[in-house]
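Trainee: Line by line, the protein sequences are chains A and B.
Under the UniProt record's numbering, the residue at position 30 of the first sequence is numbered 30, and the numbers go up by one with no gaps.
Under the UniProt record's numbering, the residue at position 69 of the second sequence is numbered 69, and the numbers go up by one with no gaps.
Derived EDC-like pairs (lysine to aspartate or glutamate); straight-line CA-CA distance at most 20 Å: (1) A:276 / A:296; (2) A:94 / B:172; (3) A:101 / A:128; (4) A:238 / A:296; (5) A:65 / A:53; (6) A:101 / B:172; (7) A:94 / B:169; (8) A:203 / A:175; (9) A:248 / A:293.
Worth flagging that the hints you see were computed from the coordinates, not collected in a lab.
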Amino acid sequence: MGKIQLQSVTKAFGGVKVIPDLDLDIENGEFVVFVGPSGCGKSTLLRLIAGLEDTTSGTISIDGKDATHLPPAQRRLAMVFQSYALYPHMSVRKNIAFPLKMAGRNKQEIDKRVDNAAKILNLADYIDRRPGQLSGGQRQRVAIGRAIVREPAAFLFDEPLSNLDAALRVGMRLEISELHQRLKTTMIYVTHDQVEAMTMADKIVVLRAGNIEQVGSPLELYTKPRNTFVAGFIGSPKMNLMGGSDAKSHNADMIGVRPEHIDLSQSEGQWKGEVKVSEHLGSDTFLHVQTSDHSEPLTVRAGGEFPVHAGDTVYMTPQQDKIHRFDGKGLALR
Amino acid sequence: MARQVTKQRKIGMTVLAWAVGLLIFFPILWTFLTSFKTELTAISIPPQFMFFDWTTENYSTINSQANYFHFMANSIYLALGSTLLGLLFAIPAAWAMAFSPTPRTKDILLWMLSTKMLPAVGVYIPIYLLFINLGLLDSRFGLIVVLFLINLPIMVWMLYTYFKEIPVDILEAARMDGASLRQEITQVLTPMAVPGIASTVLLNVILAWNEAFWTLNLTTTDAAPLTAFIASYSSPQGNFYAKLSAASMLAIAPILVVGWFSQKQLVRGLTFGAVK
Ligand SMILES: Nc1ncnc2c1ncn2[C@@H]1O[C@H](COP(=O)(O)OP(=O)(O)O)[C@@H](O)[C@H]1O
Ligand SMILES: [Mg+2]
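Only chain A is shown next, with the shape it has when bound in the complex (with noise of 0.2 Å):
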């Protein structure tokens, strides 16, 4: 089980308010993201949930259980640190095999199960070197071994992925995706990447200065963002945001359209502008227009190659039926 409730909870560090006051339930077996920029907080509030800080107020409750002052070892949750944490002293067999050790398992019992994890992650062919021997992926994989036989309530992650390779991030996203499939344990993710947030979450937390902006899925963020800056950061690249006679024309103040729903002519179109940059993907094909009526250059995204270089003429026409209104706050007008 790890069903974790948050209420009214909120922290302060000396006078400063990191997170003024949050409301939050995650259900049993989610993969929640919590995603923002940096420093919003996002790691407070993972830390707060897994005991390494204390609540300045409200309650932490995990099971239907009050934890807000429970130690984070009683609170049954395993973390996975971004910069892995391990124990540099010890073994990878005794790393993976230490939250046992402090639960009082018996030999035959850890032993089980630390083979068992280094099977899941493939440790084997290293499970007995110490962590300075091992390359970033492989420290990782330890992290979230040690992780894993405690078979914790849920699992919290603090940017695992981060000091790894690009490449490498991308296979580890899949190895924990598969991992939480597997398992089907509650676990809470926390990334600035929105990359990782969309291809990963069922559930996602967007956060701005210690706020929930908007909590759903990657879906919803996408298709139905409750205001500007949901709108700006899920997604990429970015929304266009355009305010003036477009946002008039739609009864608004603000107007998004995403990169991909912008068509493009050679010939005609809403908008006329000149290529500043184009970045060619293969798949796609990105352009950056500065037209007369914007400050701010266009980005649209061609699907394929689109022959067009940096000084050429375009015509561009979002598609009306993917506009996003908002008014003069910056909130989604439905």
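Could you slot chain B with the ligands onto chain A? The hints should help.
Mentor: Below, chain B with the ligands without anything else, positioned relative to chain A:
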């Protein structure tokens, strides 16, 4: 612009370094040489450097006059005892300061260190009276406690600088993994800090070994360490330089050997961890 290191400059620096090194080493060398002279040669003017009749007479006289090993055993007791007692208090104190600091932690550290600036003689009378009342005069236990207390600030400070370098994540991981506070300190922090603890131990053994105010003033025979052994050759009947030198050599020999083999840790310790 990269700094130009000319050949002359390099040679100059090397000569200077050697000169300073020799200057600092000279007293030990002189003591060493004197310890092999007769009492007469030792005070001859002009002083004789290398070319005299070398004799080991001083060493044999000393050994027949006094029980060197009695003093040596006391030195070992005092140095190790006060250091181990120190670790018992300094590790938890440094843990708290490094991993659970308050805005005042730095002040407390400085305050602790500032007690080292008080001249020992300033608290001599109260401590002497205390020792009389508690019947601790000339007892190893009493001296161990005093040496432990005077070196405690340095131990805490040194361990603090080492602990500061240990990522707090690892201790938090241990906490998540169910380690109690004691297990966190004994099974995770201490093994990771072994190099730092080793140099702290080393420095404190040396400081305690060489401590010559309290060891001379609070002991007579039973608990007297090598410092008292040396001092006994500077007696009212006059100074016996050659024998004094031989006694000094015997007293510092063990610590010199230890120091030689652990130079690296010592430098780290003496600079409070500033050297990487
Ligand atoms: N122990 C602490 N003491 C004081 N301020 C802190 C502490 N931990 C975090 N903060 C502050 O809280 C804010 C949120 O930090 P954090 O939760 O680490 O952000 P994120 O993980 O989203 O990047 C930051 O402004 C940070 O400076
Ligand atoms: Mg963080």
